[in-house]
Amino acid sequence: MDMDTEDRRLILSYSTGGEARTVTVQLEAVPMRFGGFRYYALCPRTLRRCQVLPVVGGVVACRQAHRLTYASQSMDQVDRTRRRMDRCEKRLHEKPRRGQNRERLTDALINATDRFERVANAHMTRRWGHLF
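To convert, note that position 104 of the sequence shown is 104 in the working numbering; the numbers rise steadily by one, no gaps.
Simulated from the structure, these hints should not be mistaken for lab results.
Note that the structure is predicted; figures quoted are calculated from it, not measured.
It cannot be assumed that every hint is accurate.
Each pair of labels, with its calculated beta carbon distance range [said to hold, decoys possible]:
#, residue 1, residue 2, range
1, D76, L12, 47 to 57 Å
2, R83, R21, 12 to 22 Å
3, G129, Q64, 34 to 44 Å
4, M32, V59, 29 to 39 Å
5, L131, L47, 48 to 58 Å
6, P31, K95, 34 to 44 Å
From the three backbone atoms N, C-alpha and C, an ideal C-beta is built for every residue, glycine too.
Could you put together the complete structure from these sequences and hints?
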């Protein structure tokens, strides 16, 4: 990765499938409120301002150009409640940060577990209820 400070270009050199590639990405400097600049990459395909340019199939482009979605956009209600339950459990087993109440975290985990069971049961009844 090489940055040309004069005309604000980022030169990416990488290899995919044994083939060496070089892509030049334009950078846009946006002035910040209290001074300085924030730099954004301009997608080589759509010219959208972005902070992340994933490489998919050897092509550098923004998420929208690759038609990628966030994982949370593909989740249904069961997945969301399971994710919430897992996050509560993880936070409960971590070392508590200042101001965290173990009792509050335990209550949140119990509530998330109850909600997950209700949602999962409703989903199974809706999906396979005719078998019972």
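Cross-check of the supplied hints:
1. D76 / L12: 47 to 57 Å: With Cβ atoms ~37 Å apart, the hint is violated.
2. R83 / R21: 12 to 22 Å: Between R83 and R21, where Cβ atoms are some 36 Å apart, the hint is violated.
3. G129 / Q64: 34 to 44 Å: holds, 39 Å
4. M32 / V59: 29 to 39 Å: Taking Cβ atoms as reference, M32 and V59 lie about 31 Å apart, which means the hint holds.
5. L131 / L47: 48 to 58 Å: This hint holds: roughly 53 Å between Cβ atoms.
6. P31 / K95: 34 to 44 Å: holds, 40 Å
Violated hints, listed in ascending order, are 1, 2; each of the other numbered hints is respected by the structure.
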